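> So the protein lines, in turn, are chains A and B.
Note that this note's numbering has the first sequence beginning at 1, numbered continuously upward.
Note that this note's numbering has the second sequence beginning at 1, numbered continuously upward.
Don't read these hints as lab results, they were simulated from the structure.
None of the values given here were measured: they were computed from a predicted structure.
A few of these clues could be false.
[Stated by the list, open to error] When the alpha-carbon atoms are kept at most 20 Å apart in a straight line, the in silico EDC-like pairs for lysine to aspartate or glutamate are as follows: (1) B:K436 x B:E356; (2) A:K452 x A:D326; (3) A:K438 x B:E367; (4) B:K21 x A:D448; (5) A:K438 x A:D326; (6) B:K368 x B:E490.
[Unchecked claim] Listed next, with one range per pair, are the computed distances between beta-carbon atoms: (7) A:A446 x B:W267: 53 to 63 Å; (8) B:Y481 x A:G412: 49 to 59 Å; (9) B:W203 x A:H270: 57 to 67 Å; (10) B:W267 x A:V473: 38 to 48 Å; (11) A:T133 x B:F200: 48 to 58 Å; (12) B:D265 x A:M267: 55 to 65 Å; (13) B:L449 x A:H447: 47 to 57 Å; (14) B:G195 x A:V375: 44 to 54 Å; (15) B:L272 x A:V375: 51 to 61 Å; (16) B:E153 x A:P227: 31 to 41 Å; (17) B:H359 x A:H447: 56 to 66 Å; (18) A:P487 x B:G11: 36 to 46 Å; (19) A:A185 x B:D265: 52 to 62 Å.
Positions of the beta carbon are idealized from the N, C-alpha and C atoms, including for glycine.
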Amino acid sequence: MNYYELFRATLPETVLELAALLVLIVDLGLLRKAGVRTRSVSAAFLGVIGCGVAVWAVSIAPALHFGSTLLLTVGGTAGVAQCSILILTGITLLLLVDCIFTRNPGEYVAVVLMAAAGGLLIAAAQDLLVIFTGLELLSVSLYILAAFAKKSAASAEGALKYYLFGGMSAAFLLFGFSYLYGLSASTSLPQVVLGVSIASLNGGVALVSVALVMIAVGLGFKVAAVPFHFWAPDTYEGAPAPAAAFIASVSKVASFALLISIGTALMPGHAAAQSWSLILAVLAAASMILGNLAALAQTSVRRLVAYSAIAHAGYILLGLAYFKADGRSAQAILYYILTYALTTIGTFGVVSAVERGTGNDSIGNFAGLHRRNPVLAAVLLVLFLSLAGIPPLVGFWAKFNLFAAVLMAGGGIAPFALVALAVAFSAVSLYYYLQVLKQAYVAAPAHDTKIKAGPITMLVLVAIALAVIALGVFPAYLQNWIAGFYPAM
Amino acid sequence: MLAWTIYLSFGGALLESLLPKSKPGLARVLALLVAVAGLTVAVAGYAGGFAQGRITVTDLAWVPSMGIRYTLAADGISRVLLLLTGLASVAGVLFSWNIELRTKQFFAFYLALIGGVYGVFLSYDLFLLFVFYEIAIVPKYFIIAIWGSTRREYGAMKLALYSFVGSAMVLIGLLASYATAGAHSTGLVDLAHAGLSTPFQMWCFPLVFVGFAILAGMWPFHTWAPTGHVAAPTAASMLLAGVVMKLGAYGCLRVAMGLYPHGLDPWGFTLLGLGSWRDVFAVLAIIGIVYGALVALAQTDFKFVIGYSSVSHMGFVLLGLMTLNQIGLTGAVLQMFSHGVIAGLLFAIVGRIVYERTHTRQFADLEKMHLGRRMPFAAWAFVIAGMASMGLPGFSGFVAELQILVGSWRAAPWWAITAGIGIVIGVAYTWRALQKAFFADGLPTAHELEAERSHPFAPITWAEVSGVSLLVAATLVVGVYPRLLLDQIEPAVKTFLAGGVQ
Numbered sequence: 001m002n003y004y005e006l007f008r009a010t011l012p013e014t015v016l017e018l019a020a021l022l023v024l025i026v027d028l029g030l031l032r033k034a035g036v037r038t039r040s041v042s043a044a045f046l047g048v049i050g051c052g053v054a055v056w057a058v059s060i061a062p063a064l065h066f067g068s069t070l071l072l073t074v075g076g077t078a079g080v081a082q083c084s085i086l087i088l089t090g091i092t093l094l095l096l097v098d099c100i101f102t103r104n105p106g107e108y109v110a111v112v113l114m115a116a117a118g119g120l121l122i123a124a125a126q127d128l129l130v131i132f133t134g135l136e137l138l139s140v141s142l143y144i145l146a147a148f149a150k151k152s153a154a155s156a157e158g159a160l161k162y163y164l165f166g167g168m169s170a171a172f173l174l175f176g177f178s179y180l181y182g183l184s185a186s187t188s189l190p191q192v193v194l195g196v197s198i199a200s201l202n203g204g205v206a207l208v209s210v211a212l213v214m215i216a217v218g219l220g221f222k223v224a225a226v227p228f229h230f231w232a233p234d235t236y237e238g239a240p241a242p243a244a245a246f247i248a249s250v251s252k253v254a255s256f257a258l259l260i261s262i263g264t265a266l267m268p269g270h271a272a273a274q275s276w277s278l279i280l281a282v283l284a285a286a287s288m289i290l291g292n293l294a295a296l297a298q299t300s301v302r303r304l305v306a307y308s309a310i311a312h313a314g315y316i317l318l319g320l321a322y323f324k325a326d327g328r329s330a331q332a333i334l335y336y337i338l339t340y341a342l343t344t345i346g347t348f349g350v351v352s353a354v355e356r357g358t359g360n361d362s363i364g365n366f367a368g369l370h371r372r373n374p375v376l377a378a379v380l381l382v383l384f385l386s387l388a389g390i391p392p393l394v395g396f397w398a399k400f401n402l403f404a405a406v407l408m409a410g411g412g413i414a415p416f417a418l419v420a421l422a423v424a425f426s427a428v429s430l431y432y433y434l435q436v437l438k439q440a441y442v443a444a445p446a447h448d449t450k451i452k453a454g455p456i457t458m459l460v461l462v463a464i465a466l467a468v469i470a471l472g473v474f475p476a477y478l479q480n481w482i483a484g485f486y487p488a489m
Numbered sequence: 001m002l003a004w005t006i007y008l009s010f011g012g013a014l015l016e017s018l019l020p021k022s023k024p025g026l027a028r029v030l031a032l033l034v035a036v037a038g039l040t041v042a043v044a045g046y047a048g049g050f051a052q053g054r055i056t057v058t059d060l061a062w063v064p065s066m067g068i069r070y071t072l073a074a075d076g077i078s079r080v081l082l083l084l085t086g087l088a089s090v091a092g093v094l095f096s097w098n099i100e101l102r103t104k105q106f107f108a109f110y111l112a113l114i115g116g117v118y119g120v121f122l123s124y125d126l127f128l129l130f131v132f133y134e135i136a137i138v139p140k141y142f143i144i145a146i147w148g149s150t151r152r153e154y155g156a157m158k159l160a161l162y163s164f165v166g167s168a169m170v171l172i173g174l175l176a177s178y179a180t181a182g183a184h185s186t187g188l189v190d191l192a193h194a195g196l197s198t199p200f201q202m203w204c205f206p207l208v209f210v211g212f213a214i215l216a217g218m219w220p221f222h223t224w225a226p227t228g229h230v231a232a233p234t235a236a237s238m239l240l241a242g243v244v245m246k247l248g249a250y251g252c253l254r255v256a257m258g259l260y261p262h263g264l265d266p267w268g269f270t271l272l273g274l275g276s277w278r279d280v281f282a283v284l285a286i287i288g289i290v291y292g293a294l295v296a297l298a299q300t301d302f303k304f305v306i307g308y309s310s311v312s313h314m315g316f317v318l319l320g321l322m323t324l325n326q327i328g329l330t331g332a333v334l335q336m337f338s339h340g341v342i343a344g345l346l347f348a349i350v351g352r353i354v355y356e357r358t359h360t361r362q363f364a365d366l367e368k369m370h371l372g373r374r375m376p377f378a379a380w381a382f383v384i385a386g387m388a389s390m391g392l393p394g395f396s397g398f399v400a401e402l403q404i405l406v407g408s409w410r411a412a413p414w415w416a417i418t419a420g421i422g423i424v425i426g427v428a429y430t431w432r433a434l435q436k437a438f439f440a441d442g443l444p445t446a447h448e449l450e451a452e453r454s455h456p457f458a459p460i461t462w463a464e465v466s467g468v469s470l471l472v473a474a475t476l477v478v479g480v481y482p483r484l485l486l487d488q489i490e491p492a493v494k495t496f497l498a499g500g501v502q
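This is chain B alone, in the form it adopts within the complex (with noise of 0.2 Å):
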């Protein structure tokens, strides 16, 4: 049944692009019923997850003679980043409502981007997980290209290459994979089989990791994710930071960690303290969180801030990989699902909401337009995802962060202090941004209260409160009931490090 996430969406986008140009509502409804629609399939193929460990979904013959099969499979691990893509598409809709130009092709672009997404976190062979994963990185292109701002072009052609390099070297690592093991199927069960030798391993590991972890937006790769995150219009801010740099983690996890476990053996001797690709990666990922973090605070534009904090959560989901123990993937799974709702909040508030009214984005501008009084509204909403961003109890962020930090004590308490630096100067630059965002000193004059009466923001619409109610929902529910997730990330967890992906 979860298949129906990918089919609906590519049959989504395909109808998108079939509507007559002068619907812009229809599209628009179009585009709300299928998200909707594909945000109850990964519903009901979670529910029905509960308690068991790896379905396959469907498992066809692709190309016989490469030993290429359709297979699509989910565990529990892919259920919870399922879920979250269903979510973050939904509230991508309702965020770009207001989307007037080209709006057919704006959705069919974004339905292709989702379906892309669903395809990747559901296959089972590494033939059609890559095929999936390129398929994300077209759309992506043209919707930051056509339908973004500030520098848009530059940095949808930067994302675009980025992602192409990344891809171009998990490439090369599944072909000679595919070779090595004697080309006779893609499938990932089959290749873990495969009894690749550990020096392969050693140069093919970090080779589909990184191309993976570019997109994870891994130090010193990230370039492309604040650029991107900027440029490109709220929707596709949300789905990027939500769920494409999750496709990376998720590739970094399965493909890598789970295709050559031995790339993460010791080298057998040390070079500047680090003694195998683990230590390397736990670095790099413990840089990119103090780096974002640091880099966020000093930024003048608003939406720079969240595409740096990105940088920095998404570090955390490193770490957790790499503490290579059950609390500490655990906990990476969850930042993943955490950080795409979080994440999703932050640039739909940020972008849309407060962009949209004030159309700046500079806290010099913001601070002078006293916001938390005239739009309580999004004070309110940024001061709640404010909250979970900086990991606050009762919010995912917290659950997750702390399972990595306990993690990566266990794997070297360096790690967990340096990282905890990390949280602290989180919680400074998300104080900074909300303070100068929306609680500047200084009281208006009457000349600007004049004016301000005179030209008062646009209201708050139905589609912004549905999106933020659905994601602070999310957020706080999975915080206050993380069983809810971990019950389904433990067991996968479990038997990922227990054999790979077998």
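So that you can see chain A by itself, here it is in the shape it has in the complex (with noise of 0.2 Å):
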């Protein structure tokens, strides 16, 4: 390896802080003196040309080897998961531009483009230091933006709550590293999975088993899986919406990608592939049945919205749980995932017009929606239909698609059991999303006011709603898309 070589390989990440460094010049030198909107306005779209560039960058940058090990993959599950990091991203920066929470525009997106190099770097790394690495860059960047609206009680605590969750979380995986360095004399990968093998074999399963417990902790965290859930409903509610939407959406993305290379690479059939296996089921369990639950006695919607996370995850899990080395569950994990996030953006975009239109998100404030603003009022009948997942819209296929996995890949009892926990707690899901929509449509507006959006967020929201129908009429675009990074089989 030499430096030619790394530039080239981490030429999307490298791409993303040139663009971050962009912002902040633009921002802090030529528009000085220029109204908080239009630095919005330039330091968002500076930012989307940076992620559009990025996405150029990841086609065409290299694996990166150090000697022999892999450190950085292309293609396959961590092309599919930069591509749409970088998409995301800037779907999120386009709500920034009339959602104005800061002064300083230009180091929120600076920090936003960090985070999301952060989440490439996790999306595509093959060595434990690697991903360590990565995680951190994304983690300290998100406590950052949790935490950006500087004047909002909410977001100082929810940001705090976050932080303190997250380090211990961290010291937690890198305690579970250590222990897999130790048992494996490596970081990289293929060569700790075969290390642990071993080691289990002559007597080592214990120590394997807690090294496994230990990053389930962490990666829970980031995940937001039950026990490790409590930051997620309050960093949800305190953070600026944009904020919000990027921690829900980007992060989980990022993380399940990595969960992804994890399964792929353990061995079937190993005791540690059958001890990570159960972690997994349990935590997946426990998130599908205490999300929904948590979730519908909520009222605020931003809450409510971060519990439905929680049980979201808990599908998700579910497909890691029970996962096929072959291809076809990391498909249909990131499927899911990908269109989850998607929704969830929408879905922020449409409660942080609400909460300018109306002071907060308690669900009583979308009453007569669909009179004050009938468009977003239908976007977000389209988003939490897709949420609960009714067809034809695209929420439906993914847990379709995901369930479909997890029975072709689980034998027996307990996958099947769980699908139909899973899809059992989806119907109780319906509850809870009727409940904010039956606001939004059946009962009577408070006042007559509208509720006014910009232009920018209008045009977003709007596009998420008809492409969360069209995935959904048609999925075979997607599915065909995310195919077409792995190699055919």
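Grab the two chains, each in its own frame, and use the hints to assemble them into the complex.
What follows is the structure in structure tokens.
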């Protein structure tokens, strides 16, 4: 490896960092005297352009080797996840334009771009050290983003909780990684798996299990799986809407891509793979049950979305618990997380527009939305029904695809029972989604004033809603796009 | 060509939602045109289907990598139910002519619901069928919650959750069958040929059957039906009882019984005298028949009588399915059609013609209003509809219930006897409702006559007359000349019994 190779392999990340610098220079230099809005618009658009260039960079960047060990991979899961991270980051940046919560939009966009660079690293990393560095880059940026509304106490509280839990879980993760290194004398993922398998044959099963549990704690925090979910409702509620959308979407995509890498590396049938599967299945079941039940009791839409996010993480973890390395499971999970992330960004867009119009995000404030802003109400209808898994929207298709993959991968009664549980709980979830939609469509509005949202926000939201419908009616397109990254089987 | 029923309805729904708010008249006319066009296509498709078996309408690859195809096909059973859907949708629009609140949204939801129903009856791919089945759930919720009456939000939510729980059960069965059969295809024909093992069918059959039967109003999962029907606006009650409950029964027949025929085999042991799922569901159907009729007998709200009578009549459909013989199954399909028309008629009279003028559905109040004299059209219409509902000869219900009784006598005589008791109670509750609502004793006092004269009821509109005529004509024609439908149902049932859906 020389510096040229390093540069070429990390071109997407480099593009993002350069874009971040450019945004800062423009914002703090050229536009110093301009209004906040102008600076928001310019920062957001520069960021979007940076993401666009980075997508191109992803397509040409080669894999990165250090000697014979693979550090960063390309194509397959990494390719899909990187492209989607960049696209989703671009969409969340567009939501910033109409949502003024800070006097420093340039700094906000720069931090978002750095977080996205962390996400790109995790998605492609095949080495424990790179994984950890990427995770920290992502996490630290997210803590800053969550706290970005400096005048809001809720934002500070949410961010502090996020930071404390995050710091702790990072410690657990590193602790687990150190065990793995001790067992295998390597940090490269395939060699670690090999070393761990040998160690478990030689009676090291207990040690391996401890390490896996530690790692599950660390990653369970990132994806907000029960019981490591406590930060999620507060952070979703307190963080400024574009930041919350970013945390709920991009960070999830990156973390699940990492989990897919781990799942692909594990050797099926081995003791390590079995205990990993068991741990994930337990997390999945707990998340589905607790997420859906807790969401029933929420009166704040953001908290409702947070608990429903926990439930959705549960469904996806199910796909990871019963994982088959032939690409089908990975594609189903990516399909789910991508479409889920897109839907969630749209949801936060609607929620933040309603917040600006009515003051806060309590369910009652959505009353009569269909009269106060029919387009927003229609977008919310599409997004929530998709999250509830109603065909022909994309959420249904994602669920079907994922659950079919689970049943194909895992034989026996346990995966079937968990899928049945998941399907049953999506019936429960319809109740709380309908509670919000009932306010929007059935209840009479408290005021007859219109709720306004900026043209770019509306454009983005309508585009997301149309995408949710179109991808649901023609699911094969996205599926083929994802499958295109994988070598033909 | 039949596929146009789906496209027309969804296209109509889209157009409705794009109409300007200020033109409710336009929304109504458009809805009527779309419904009539759908009916025309259904009739034409029906007429072209005599002496033909299953006709494949469309067959396109939808999700090639998972073997999911967009397959629309229709056999005699489907064609009869499409005809019913067309009739019910036209009548429903006619009886919604007075909707003033958010008119275009109402018809948008209404047509989306109709489109979903057409889709279910035409689907020959299990995945596609499920998609259409679920599409029909959401519009129901909003139609009831926004335009409904009595405890509408409760009724709407209960209906939506029951439907969704039922469809969750179906989805589990669908996923399990798809994975067990090797994940090559979700086509009904392919799955039926996949050679699913008998133990698998034994547990998958009841799961899917109950999932669909919830929507068909099978006791003890029927409780959504009366509250939902009562809460719904008239057109929605007509559709719910008329076609949506048929979706459930159709799913039971086409999917549960078609894909898992061995699920009906004897268990090899008996528990409380029940030896197979067939016995279990037959008993539940019979309980539904008798229980629905008895509860209908005790109601004080006119609409609840009709709501519970639907539970009773749908019990006949399920019983007919469980006979597993030619005549019983034919009767079940005919009963679906017959009940769809008659229940629509009854709900229209009670919910629209009577309620919109009296603003009460309580028998105690209606008894004092002398409706038999003041609303002769409604009284006559209800007498005819009541006779049809009792199953008197000359109406469609007679042929259907007779066939089901004969079929169940062949299966097990005590089924027929108990169901026969249900028919007798059916006569009683219809009679009671007729008498209390329209022909109560007692002459009006001079004071009452004065009040009647100063506040006459609004005259019967053309929409009401044409809606009633359409439905009465349908039940009479089929009652007098049942071969019209039987010629298509019988061969389809014969093929079905001979080899599942193959």
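> Which hints, by number, does the structure contradict?
2, 3, 5, 6, 9, 12 and 17
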